[in-house]
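Engineer: Below, each chain spelled out in residue letters.
Protein chains: 2
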Amino acid sequence: MTGPRYTPLVASLPATVPFVGPETQERARGEPFAARLGANENVFGPSPRVVGAMKRATPDIWQYGDPENHDLKQALAAHHEIPAENIVVGEGIDALLGYLVRMLVEPGDKVVTSFGAYPTFNFHVAGFGGELVTVPYMGDHEDPVALIEAAIECDAKLIYLANPDNPMGTCHPDNVIQAVINAVPDGTVLVLDEAYLEFAPDGTAPDLDVTNTSVIRFRTFSKAYGMAGARVGYGIAEAGLIDSFNKVRNHFGMNRLSQIGALEALADQRYLQQTLENVAAARDRIGIIAEENGLSVVPSATNFVAIDCGQGGVFAKKVLDALIARGIFVRMPFVSPQDRCIRLSAGTTEDLDKFAEALPKALAEAQG
Amino acid sequence: MTGPRYTPLVASLPATVPFVGPETQERARGEPFAARLGANENVFGPSPRVVGAMKRATPDIWQYGDPENHDLKQALAAHHEIPAENIVVGEGIDALLGYLVRMLVEPGDKVVTSFGAYPTFNFHVAGFGGELVTVPYMGDHEDPVALIEAAIECDAKLIYLANPDNPMGTCHPDNVIQAVINAVPDGTVLVLDEAYLEFAPDGTAPDLDVTNTSVIRFRTFSKAYGMAGARVGYGIAEAGLIDSFNKVRNHFGMNRLSQIGALEALADQRYLQQTLENVAAARDRIGIIAEENGLSVVPSATNFVAIDCGQGGVFAKKVLDALIARGIFVRMPFVSPQDRCIRLSAGTTEDLDKFAEALPKALAEAQG
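Protein chains in written order, with numbering that gives the first Met the number 0: chain P, 0 to 367; chain C, 0 to 367.
None of these hints come from the bench; they were simulated from the model.
Note that the structure is predicted; figures quoted are calculated from it, not measured.
Just so it is clear, CB atoms sit at the ideal spot from N, CA and C, and this is done for glycine as well.
One or more of the hints may lead you astray.
[Said to hold, decoys possible] Here are some chain P residues pointing at chain C (derived, C-beta under 7 Å):
1) Thr23
2) Glu90
3) Asp93
4) Met102
5) Pro106
6) Met226
7) Lys246
8) His250
9) Asn254
10) Phe333
Could you build the full structure based on these sequences and the hints that come with them?
Structural biologist: See below:
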């Protein structure tokens, strides 16, 4: 028997997972984590109004969601003061990235990103046969000039830039990002991933310009709105690019409760402000905990903080393993020199109490 | 400005929607439907245990779902008495169909289906450049022999067969389907869509054989379990084919609440039985209503019924429009001769009361 005849591209791909989930690690450990701080989730969770709206709608889960995401797009349009035709809603930014790559990238096409940036984007690029061209971080920031130069040199279909950045949490100010947008070569699209934007200082995002065909900006309800498990992301771009998603997207892919929850989340901006205050306080406390242990943090514009463990990746991995052994789920950047850090979410007071207790022991174990 | 440089394939695709959603029609009407019977949803809804479990988990929506779908796969494995390695869970059968087509079909590859069968499958095939080869229905049944013959003739990568069928609701017995499985040509994969299987009589599905590399079977929580809006489907196949989904799937695409709800739905088989009884009674009543209006129904093995309006597609469309004008949302098959029918879900007593009241008026209007 021949079996299934995969496309040559798919036959060449590894059966990979961009991230190992915390549940997988918990099953291997045989017990749950005491603090879940590794998956870039927002532990402060959704607004009580979101929880209420989703619960009320749960009995209606027998109905498909609206394939046009009409109400959510209208609300987002009002929120951002742009037309709804410039918004596409999808099953998290991950799914939208996959659709976008599929729309633009075929085998051999070049795509530019930073070495060590978001692995799921790379997964999609590989999945459609694109060739990834990477440029190094500049310090702990993505390097806008190098990204543009690489895109020009290799005639890239796409440039990926996250602002604020993941995994380091740094950000560039709006004028730097606007300069990147202005410098995008003709025929290239800049993927500006702003998943963590709400956590960043004012002046991080340039104004939206939905006439510009060179950029698509991604936002999400997974981070500041505390709804990662609901899978709701959206893209903002010129109307033609947005409409092209209708050629390939899973029209009935949106969860009905998630649509309802996201609508309510957007309406509760007061809760969002409270979350941002909680996150800022938690970031400060992580800085203090790090300092108490003789370590420093990378200044963060997100809801996670990279703690510089002061040595290379091997040492940081020992610290990470020792934290995990103590029930503290954290992650670390994949590549050098960022992998000198461990990265943890802005946790609750209780989470950070546990972290504060575990960190000195983990450091001692890693050193010893 | 050149703008985005789409792949030639994507540039050639229309920005299409496989189905217009009921919400879209409601917005056009300016009022909601009185009975929602057109979208192949299950109006009897999810088990109260499902609703309870999802509500309890709603505050945890800040956490991503388990990317391995471990617990749900284990429960499905136990339910079907097969290894978990033979199961892939995804965001509804629609998403899994998209992944499967992507894995096997590249531009120019042939795919066989019945003329008038599931449009979303065709959407995916077109989306990856496949060429659709169609065979006609045989009466109101899909034609297994013709499907196999066409697959041999065109050297198809995939054959799509729904059993029970959508949109007609008919089914073949297990021995006929087993004969199809046995006759699948080497190098071809049979997509056996069993979304409506739970509604069908015993003896509809052949035994699962997870060593067979020629078939993948799809099941869902959208239909009998009443969870369409949750987007949970799964595929059953040989382990190598299942593992290949990991090359392309959206690993963190599953909604956390949906995973929890599906697990609970599977555990409440008593509620499923009650649903099946409700659906059977509603099907019977639709038959009676049709008969009272001088019409006949196509015998259904699903939770919807095709009512033969006794004339061609133009007349059936008039009946459909007249029902919609009266707030009764139904759909109809897309192609002749199946489009002599209108298709409606097995509704609640209240739904069918409204339908019974509207149908004679709709018929009179269509005739007049």
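Engineer: Hint by hint, say whether it matches the structure.
Structural biologist: Okay, the hints, checked on the actual structure:
The restraint placing Thr23/P at the interface with chain C holds, with a minimum CB-CB distance near 6 Å, inside the 7 Å limit. Among the interface hints, the one on Glu90/P holds; its C-beta lies about 6 Å from the nearest C-beta in chain C, closer than the 7 Å criterion. At a threshold of 7 Å, the smallest CB-CB gap from Asp93/P to chain C is about 6 Å, leaving the interface hint in force. Here the hint on Met102/P is kept, as its CB sits about 5 Å from the closest CB of chain C, short of 7 Å.
At its closest, the beta carbon of Pro106/P sits 10 Å from a beta carbon of chain C; the interface hint therefore is violated under the 7 Å criterion. Checking Met226/P against chain C by beta carbon gives a least distance of about 5 Å; that is within 7 Å, so the hint holds. Because the closest C-beta pair between Lys246/P and chain C is about 4 Å apart, less than 7 Å, the hint holds. Of the supplied interface hints, the one on His250/P holds, with its beta-carbon coming within about 5 Å of a beta-carbon of chain C, less than 7 Å.
Residue-level restraint check for Asn254/P holds (minimum Cβ-Cβ distance to chain C is 5 Å; threshold 7 Å). For Phe333/P, the interface hint is violated, the least distance from its beta-carbon to any beta-carbon of chain C being 16 Å, above 7 Å.
In terms of the numbered hints stated before, the structure departs from hints 5 and 10, listed from lowest to highest.
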